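Visitor: Quick note, the sequences are listed as chains A and B, same order. Quick note: this note's numbering has the first sequence finishing at residue 313, numbered continuously throughout. Quick note: this note's numbering has the second sequence finishing at residue 479, numbered continuously throughout.
No lab work stands behind these hints, which were simulated from the structure alone. Small disclaimer: the values here were computed from a predicted structure and weren't measured. Fair warning: there could be bad hints in the mix.
[To be verified] Derived DSS-like pairs (lysine-lysine); straight-line CA-CA distance at most 27 Å:
hint : chain 1 : residue 1 : chain 2 : residue 2
1    : B       : LYS408    : A       : LYS86
2    : B       : LYS424    : A       : LYS75
3    : B       : LYS424    : B       : LYS408
4    : B       : LYS137    : A       : LYS310
5    : B       : LYS137    : B       : LYS476
6    : B       : LYS137    : B       : LYS447
7    : B       : LYS312    : B       : LYS245
8    : B       : LYS447    : B       : LYS114
9    : A       : LYS75     : A       : LYS86
10   : B       : LYS424    : A       : LYS310
11   : B       : LYS326    : B       : LYS114
12   : A       : LYS75     : A       : LYS37
13   : A       : LYS40     : A       : LYS86
14   : A       : LYS152    : B       : LYS245
15   : B       : LYS447    : B       : LYS326
16   : A       : LYS152    : B       : LYS476
17   : B       : LYS137    : B       : LYS114
18   : A       : LYS310    : B       : LYS245
19   : B       : LYS114    : B       : LYS312
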Amino acid sequence: MATSAETTSSESSAASAPAASAPAATRPTSDRLSVPKTYKLFIGGAFPRSESGRVTEVTDARGAFVANVAKASRKDARDAVRAARKAQPGWAGATAYNRGQVLYRIAEVLEGRSAQFVDELQRVEGLSAAQARRQVEDAIDLWVWHAGWTDKIAQIGGSANPVAGPYFNLSVPEPTGVVAIVAPQQQGLLGLTSVVAPALVTGNAVVVVPSAAAPLPAISLGEVLATSDLPGGVVNVLTGDPAELAPWLASHADVNALDLSGAGALDWVELEQLAADTLKRVIRPVPGIAPETPQRILALTETKTVWHTKSRL
Amino acid sequence: MTFLDYAPAPESTAILDLRPEYGLFIDGEWRAGGGEPFASVSPSTERQIAMFASADEGDVDAAVRAARAAFRDVWGPMSGRDRGKYLFRIARILQERARELAVAESLDNGKPIKETRDADVPLVAQWFFHCAGWADKLDWVGLGANPQPHGVAAQVIPWNFPLLMLAWKVAPALAAGNTVVLKPAETTPLTAMLFADVCEQAGLPAGVVNLVTGAGETGAALVRHPDVDKVAFTGSTAVGREIAKALAGTDKRLTLELGGKGANIVFDDAPLDQAIEGIVDGIFFNQGQVCCAGSRLLVQESVHDVVMERLKERMATLRVGDPLDKNTDVGAINSSAQLERITRLVETGIAEGGEAWSAPCELPSEGYWFAPTVVTGVEASSTIAREEIFGPVLSVLTFRTPDEAIAKANNTPYGLSAGIWSDKGSRVLAVADRLRAGVVWTNTFNKFDPASPFGGYKESGYGREGGRQGMQAYLKGGE
């Protein structure tokens, strides 16, 4: 497992890697000096640094420096919620076919960049190449599975209701709105996919706090999302300390649902209490990866029932 | 007499055979409560109907134990088919005793007999009949094969539809295989006591339905009881919030049906005759004491004047008075506390610039009454456009474009109901799509059916009651 230690280095010092550890993207097979990536937040379709100027040092399993990852603040969380709220109606208003194609596009782009994710997972999660490849492949397949749900879930969750009167009565599941998520702490890429994808199927927008220990795949996934025709702001990624960020999201009045899947190690009872102030829908912590079920997609929906009057002929 | 004057036509209370006092119904037996007994009064006369036991923590514990034992030994192991047959029996007995229940409900709640007779009680029987059929078909509610009940359900219901809310809670819970402990509202416990009698007539096994009367503390003790698996609450958003907090971190599942500030949107191409009736039904049905009431009228500017003129004309013909009179349209407010709240909010509305108009009607000297009232010139930021009044008071706002109507309709922390009045089908569908409300009525209002899921968005709560979705709330994996 990777370890992480907080630093408060300024932008300039963050840019120069410490001499004692190997630069992030060094390839032993080449003597070319590599160009390591700056891991920033993903908010509103852009990649800003944290407004707080803080970063967290991520190291590999042997304790060697890997990257300085932006450490999001309360202000970043609020910016992310604002971006999500702004983007949500457009995403929900897209046709189900369109949303399905975008989610499938994510799988396609992820597939093309799988080597990068395998590499990151090996380094930050200490996985073997085979284990890392397996996780990336599972994540890609999970995006494909969800892509196929967008134009079917309303038929599973909705209904035509035979009421005792002259009405055409229809119930459909609609997205609940803005969903704040604490992603599973294990299997950074797959865990993240298991909570973000089900929220996106019906048209929710997401603010997600990824695994604290292994945040690199989350930012790299942001790069995939940014190039997959997903509208900016539909997914916002806040790397940082879940214990610091989650209470702000749980108490934010413009968040509709709180998915605590990966919050088992936090004081999640307090988070659920905070969420009760605005009656957010809450998904309680689950061990490991969130289950792959249509119920999970429907848990982040609201059933709307419309009664249409039928006239007398 | 003018053509609008009606001779009194009171429904007789002779059909009732009430006891002077009622106990708690626990494990199939009537027993005294540990708390101080309380009276329920008729809101139209302020006269006492009967005394009711108050359940303390010990009584709540006894009720939960009885429900647990019945779940473990009788109701849980029973086949779905037999559970369903008990519920069908209950539905039939409710139909047989419909008149008695309607009279009792009018007496205790203050709502017109016309409503209890034609809406509340028929829906109660229909709810049990509908859910009865689900009991042996749970494989098809959408949760996979053989879904399991939660166990013991704690249910707390409000005073606005006492018996109907009991049916919404008890029928799906029992059909799914749960046993229940239900607390009726403090001001309207009567029909729940009659329902205990119905359960006995149906031969329902002891402990499957337990009824604990009392005030807020009784409800608080019930939802917090450690051996409760599922909590269902209908009532105020404030109490719903407290319950959600109290249940945080537990394994209990929760569904909440809370307040609302429903928008009733009238477009310039609305069928006006129907719209006027719908506006009246939306806000004066049950004296406006309805969580899904159409309490904000959003009327397109171009038809504002004609709508208001015709609405006032119609309101002037509403007959306010004796709930047991078969000609009564608007009955009594449920309690003095509620009347005080309505009065205070209307005063606030006027102080904030609204112009109030009340139907000219003579209010009885005894009891709790509020004349049907409409407040015009209300701003989106006004208190009476934001806070739930829960009374016969309509706040009127105007709009120019569909986008403005939608923005104003959604500009509330609530999201329970909405109405749309327009003869243009494509517009109705487009507007319904964009309203953030759990129930949308188009060219109608305040319609309910056990096959039709009901429940809110946002701070109006979560979970649905009615239909397949409503059944899921009482089964594992369905929340």
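Visitor: Now tell me, hint by hint, if it's right for this structure.
Guide: Structure-based check of each hint:
no.: 1; hint: LYS408/B to LYS86/A; result: 17 Å, holds
no.: 2; hint: LYS424/B to LYS75/A; result: 45 Å, violated
no.: 3; hint: LYS424/B to LYS408/B; result: 20 Å, holds
no.: 4; hint: LYS137/B to LYS310/A; result: 30 Å, violated
no.: 5; hint: LYS137/B to LYS476/B; result: 15 Å, holds
no.: 6; hint: LYS137/B to LYS447/B; result: 26 Å, holds
no.: 7; hint: LYS312/B to LYS245/B; result: 44 Å, violated
no.: 8; hint: LYS447/B to LYS114/B; result: 16 Å, holds
no.: 9; hint: LYS75/A to LYS86/A; result: 17 Å, holds
no.: 10; hint: LYS424/B to LYS310/A; result: 13 Å, holds
no.: 11; hint: LYS326/B to LYS114/B; result: 6 Å, holds
no.: 12; hint: LYS75/A to LYS37/A; result: 24 Å, holds
no.: 13; hint: LYS40/A to LYS86/A; result: 21 Å, holds
no.: 14; hint: LYS152/A to LYS245/B; result: 35 Å, violated
no.: 15; hint: LYS447/B to LYS326/B; result: 21 Å, holds
no.: 16; hint: LYS152/A to LYS476/B; result: 23 Å, holds
no.: 17; hint: LYS137/B to LYS114/B; result: 35 Å, violated
no.: 18; hint: LYS310/A to LYS245/B; result: 43 Å, violated
no.: 19; hint: LYS114/B to LYS312/B; result: 22 Å, holds
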